[in-house]
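Those protein sequences? They're chains L and B, same order as listed. Under this note's numbering, residues 1 to 616 are what the first sequence spells out, in order. Under this note's numbering, residues 1 to 212 are what the second sequence spells out, in order.
Derived by calculation from the structure, the hints in this document are not laboratory data. Accuracy of the hints is not assured; some may be wrong.
What the hints assert, rightly or not - Calculated from the model, a selection of chain B residues having no Cβ within reach of chain L, i.e. all distances over 12 Å: (1) E75; (2) L121; (3) R139; (4) T175; (5) L183; (6) K195.
Claimed, not checked - Stretches of chain L that chain B covers, calculated by requiring three or more beta carbons in the stretch to come under 8 Å of a beta carbon on chain B: (7) 35–44; (8) 95–108; (9) 128–136; (10) 227–239; (11) 311–325; (12) 349–360.
Quick reminder that beta carbons are idealized off the backbone N, C-alpha and C, glycines included.
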Amino acid sequence: MELVTASEGARLLLLGNEAIVRGALEAGVDFVTTYPGTPASEIGDTFAGIADQLGIYFEYSVNEKVALDMGIGAAASGLRVLTAMKHVGVNVASDAINTLAYTGVKGGYVIVVADDPNCHSSQNEQDTRLYAAFASVPMFEPSTPQECLEMVREAFSLSERLGIPVILRTTTRVSHTRAPVIVGKRPTGHRSGSFKRGDTQFISLPAMARRHHRELLTKLASVAEYAETSPSTKLLRAPSPTKLGIITSSAAATHVREALDGLGLQADVLKLGLTHPLPRWAILSFLQSHEKTAIIEELEPYLEERIRAIAQEAACDAVILGKSTGAFPRTGELNIDLVKAGLAAHLGLTLAAPPPRPAILDHLPARPPILCAGCPHAASFYAVRSAIRKRDAILASDIGCYSLGAMAPVRAGDLMIAMGTGIGAAGGFARATNKPVIAYIGDSTFYHAGIPALINAVHNRHQFVLIILDNRTTAMTGHQPHAGSEINWKGEEAPAVSMEALARACGVRHVRTIDPYEPKEMRAAVEEALAQSEVSVLIARRACALLAINERAGKPFGPPYEISDELCRKCGICVTRFGCPAIYQEGKTFKIDPARCVSCGVCAVVCPFEAIGVAG
Amino acid sequence: MTRTNVLIAGVGGQGILFIGKLLAQAGMREGQQVVMSETHGLAQRGGAVVSEIRFGDVSSPIIPAGEADLLIAFEPLEALRSLPRLSKRSVVVCNTSILPPFAIQDPESPYPSIDTILKTLQEAAAEVVAVNAEELADRAGERRSSNVALLGVAAGLGRLPVKEETIHTLFRELTGPRAEANLRAFEIGEEAGMKLAEGAAPPSPVAAAGSG
Numbered sequence: 001m002e003l004v005t006a007s008e009g010a011r012l013l014l015l016g017n018e019a020i021v022r023g024a025l026e027a028g029v030d031f032v033t034t035y036p037g038t039p040a041s042e043i044g045d046t047f048a049g050i051a052d053q054l055g056i057y058f059e060y061s062v063n064e065k066v067a068l069d070m071g072i073g074a075a076a077s078g079l080r081v082l083t084a085m086k087h088v089g090v091n092v093a094s095d096a097i098n099t100l101a102y103t104g105v106k107g108g109y110v111i112v113v114a115d116d117p118n119c120h121s122s123q124n125e126q127d128t129r130l131y132a133a134f135a136s137v138p139m140f141e142p143s144t145p146q147e148c149l150e151m152v153r154e155a156f157s158l159s160e161r162l163g164i165p166v167i168l169r170t171t172t173r174v175s176h177t178r179a180p181v182i183v184g185k186r187p188t189g190h191r192s193g194s195f196k197r198g199d200t201q202f203i204s205l206p207a208m209a210r211r212h213h214r215e216l217l218t219k220l221a222s223v224a225e226y227a228e229t230s231p232s233t234k235l236l237r238a239p240s241p242t243k244l245g246i247i248t249s250s251a252a253a254t255h256v257r258e259a260l261d262g263l264g265l266q267a268d269v270l271k272l273g274l275t276h277p278l279p280r281w282a283i284l285s286f287l288q289s290h291e292k293t294a295i296i297e298e299l300e301p302y303l304e305e306r307i308r309a310i311a312q313e314a315a316c317d318a319v320i321l322g323k324s325t326g327a328f329p330r331t332g333e334l335n336i337d338l339v340k341a342g343l344a345a346h347l348g349l350t351l352a353a354p355p356p357r358p359a360i361l362d363h364l365p366a367r368p369p370i371l372c373a374g375c376p377h378a379a380s381f382y383a384v385r386s387a388i389r390k391r392d393a394i395l396a397s398d399i400g401c402y403s404l405g406a407m408a409p410v411r412a413g414d415l416m417i418a419m420g421t422g423i424g425a426a427g428g429f430a431r432a433t434n435k436p437v438i439a440y441i442g443d444s445t446f447y448h449a450g451i452p453a454l455i456n457a458v459h460n461r462h463q464f465v466l467i468i469l470d471n472r473t474t475a476m477t478g479h480q481p482h483a484g485s486e487i488n489w490k491g492e493e494a495p496a497v498s499m500e501a502l503a504r505a506c507g508v509r510h511v512r513t514i515d516p517y518e519p520k521e522m523r524a525a526v527e528e529a530l531a532q533s534e535v536s537v538l539i540a541r542r543a544c545a546l547l548a549i550n551e552r553a554g555k556p557f558g559p560p561y562e563i564s565d566e567l568c569r570k571c572g573i574c575v576t577r578f579g580c581p582a583i584y585q586e587g588k589t590f591k592i593d594p595a596r597c598v599s600c601g602v603c604a605v606v607c608p609f610e611a612i613g614v615a616g
Numbered sequence: 001m002t003r004t005n006v007l008i009a010g011v012g013g014q015g016i017l018f019i020g021k022l023l024a025q026a027g028m029r030e031g032q033q034v035v036m037s038e039t040h041g042l043a044q045r046g047g048a049v050v051s052e053i054r055f056g057d058v059s060s061p062i063i064p065a066g067e068a069d070l071l072i073a074f075e076p077l078e079a080l081r082s083l084p085r086l087s088k089r090s091v092v093v094c095n096t097s098i099l100p101p102f103a104i105q106d107p108e109s110p111y112p113s114i115d116t117i118l119k120t121l122q123e124a125a126a127e128v129v130a131v132n133a134e135e136l137a138d139r140a141g142e143r144r145s146s147n148v149a150l151l152g153v154a155a156g157l158g159r160l161p162v163k164e165e166t167i168h169t170l171f172r173e174l175t176g177p178r179a180e181a182n183l184r185a186f187e188i189g190e191e192a193g194m195k196l197a198e199g200a201a202p203p204s205p206v207a208a209a210g211s212g
């Protein structure tokens with residue numbers, strides 16, 4: 001793989017996430033853990049492709065906290081560790097992060113967190129920069145793939161020198177931008193971990209914790225001093241002297257120069273890479289040498305609030321232009337147009353009116369992501385909907401491909417909040433409403449965060465049906481294996497942790513495993529489960545159709561199905577209730593697209609008039 | 001200080017990422033500065049997908065409104081959805097083969113007719129070339145190469161910011177079961193594009209060409 005073999009000075013076209021991997025290799029990373037999540041997934045997946053040959057330990061951990069905990073043990077043993085997760089993964093790992101900051105590390109520890117402004121693939125757009133401040137952990141924010149590589153190296157070096165974990169925070173637009181990257185030298189060989197007992201560094205009992213907290217603040221002061229001269233703190237002067245300054249970081253920084261060009265403005269730019277703690281003196285002298293300084297950043301006014309505090313403390317009266325007036329948005333991503341509009345609003349400039357928008361654009365059919373043809377979740381949802389047709393049931397869903405089923409036409413979900421929340425919320429719904437409640441959770445999500453909630457439901461005698469949608473993979477993020485997989489990421493046999501045994505061990509007495517491709521049997525199983533007076537578990541087991549078909553070298557399960565127009569009574573159930581994307585309506589006729597049909601055969605069972613069968 | 005912005009729009013699964021990477025790779029091979037933005041994750045499950053590839057004096061990975069020099073659209077509705085990035089300088093190469101968005105159609109938002117789509121695009125852009133990419137790909141013997149065929153049309157029209165030879169070289173370096181079919185599809189697309197550029201009567205599968 002070029003990412004591994006490229007020698008110093010080579011130019012590779014890399015995704016931000018791939019550049020992070022190369023940077024970690026150049027920093028001599030020994031140990032890598034992750035739980036997959038867009039937009040961070042390619043970091044783990046890239047390591048999975050190379051770790052073995054390079055003698056790097058790699059694993060997909062069961063969740064982000066365990067990934068971090070694994071890293072803590074390794075970094076305490078002197079290894080260089082990288083743990084990657086998406087922004088909401090930090091919520092799961094945060095308990096350990098906040099105390100790891102106190103104890104510090106021996107080997108360098110870089111925690112890569114990918115934020116998702118605009119919620120491209122996420123349930124929220126929380127800003128990890130506030131976590132770095134909250135946990136007192138230093139943080140880098142690269143803007144480009146080249147900076148991803150450089151800042152990972154710098155983060156490892158800083159982490160190991162001061163014995164403190166460091167966050168590298170990207171956003172979707174940084175992780176998923178591809179650009180030429182000039183790579184550096186990759187060392188060979190790895191450290192072996194060692195741990196000497198008798199040290200209290202990793203014991204955070206109160207007496208030690210109080211001391212560790214003071215030590216952490218001293219370390220942070222060193223980092224703040226380092227930030228002043230860090231190569232990631234860049235002052236980019238305008239061609240001629242100007243009274244306008246811009247302070248920026250991350251993806252926002254990439255839009256600034258072209259926005260200035262577009263407005264015909266000149267500004268000096270202080271581009272920050274190490275943004276926690278901030279380079280106070282660099283910022284203050286920048287503010288003092290400009291009449292007005294605009295802070296251009298995505299999401300929270302993280303830089304702005306801290307820069308205002310720096311100015312206030314120094315009684316600096318420079319004008320700071322930020323988000324409070326609404327000129328720059330606090331939601332979503334920035335782009336060149338939004339940066340231009342924000343600067344224009346602050347500086348009283350008039351922008352040329354955009355061309356009129358044709359009315360047709362306001363009525364375009366939406367094209368949201370959907371469940372695939374042959375998706376076993378779609379079949380499960382159909383069976384559940386049939387089972388609850390005459391009941392006023394509440395459906396608590398969770399995070400994964402099956403989240404997509406919450407929308408029309410499937411409408412199999414009334415709640416979708418966070419990993420594992422569906423099971424806990426199901427207990428809440430059941431207690432609060434006395435209605436029948438069904439919770440859905442995916443296989444990987446069940447291992448990740450479902451088990452404590454299930455234990456809670458059993459012990460507190462909640463009554464609901466938990467359906468584990470077991471498609472044998474972490475499908476949404478790119479088919480990574482999980483604790484229930486028989487084969488691990490290396491392709492080796494691995495002990496699969498049984499869901500049935502887990503559910504029984506949690507105290508669930510009614511545990512059934514069913515095949516969602518048999519919707520009639522599944523409907524009966526759901527009805528039986530709903531009749532229980534305690535929590536019951538159904539495991540709907542059938543491999544993800546994409547995965548199964550990949551394993552068959554792209555060949556569908558059989559010949560495509562078709563709808564007999566003669567037998568079809570145009571009830572539309574196959575589209576409105578089942579919702580297979582291979583089935584469509586053309587005028588009054590319902591048809592199956594043979595190119596999309598994977599021959600799962602579920603529609604033939606769904607059709608009440610036996611109008612669907614294999615072609616020919 | 002020139003910038004060239006190429007927007008590729010379509011539906012998840014149409015090979016948008018592949019075409020984008022190919023163009024970016026070609027640009028890099030020629031020593032151009034290139035930045036590309038990709039759609040991953042949730043958006044790939046049959047949703048609307050774009051790749052944005054910017055060449056020249058660029059730093060932002062996102063093409064501003066009205067600044068796409070070339071739009072290659074693998075699906076007509078997705079071409080229309082990209083309209084805010086077009087201007088009277090833009091060239092659009094649009095596949096005429098429709099992928100209806102799934103599910104019951106909202107009566108307030110029907111799928112527009114292909115004529116309406118092309119007319120709206122023609123009003124917004126400098127030039128719109130409409131081609132049935134699937135038919136071109138069929139001629140190469142591999143329908144799944146329709147994305148490459150459409151790229152070939154853009155190349156034949158002389159609208160790509162990279163040299164056709166560079167793309168040919170990259171195709172030859174690619175391996176895999178479809179490598180040969182891809183090169184054939186690209187060449188068939190190129191020919192169709194060149195004929196259009198010469199102003200010849202559009203050969204069948206090229207459905208319509210016009211300027212606004």
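Hints versus structure:
1. E75: The assertion about B:E75 is violated, with a minimum of 9 Å to chain L.
2. L121: violated (10 Å)
3. R139: holds (18 Å)
4. T175: About 14 Å separates B:T175 from the closest Cβ of chain L, which puts it past 12 Å; holds.
5. L183: Nearest chain L Cβ is 20 Å from B:L183, so the label holds.
6. K195: holds (28 Å)
7. 35–44: holds (count 4)
8. 95–108: violated (count 0)
9. 128–136: Not satisfied, violated; 0 residues make the cut.
10. 227–239: violated (count 0)
11. 311–325: violated (count 0)
12. 349–360: Holds, because 5 residues of the region 349–360 of chain L bring their Cβ atoms closer than 8 Å to Cβ atoms of chain B.
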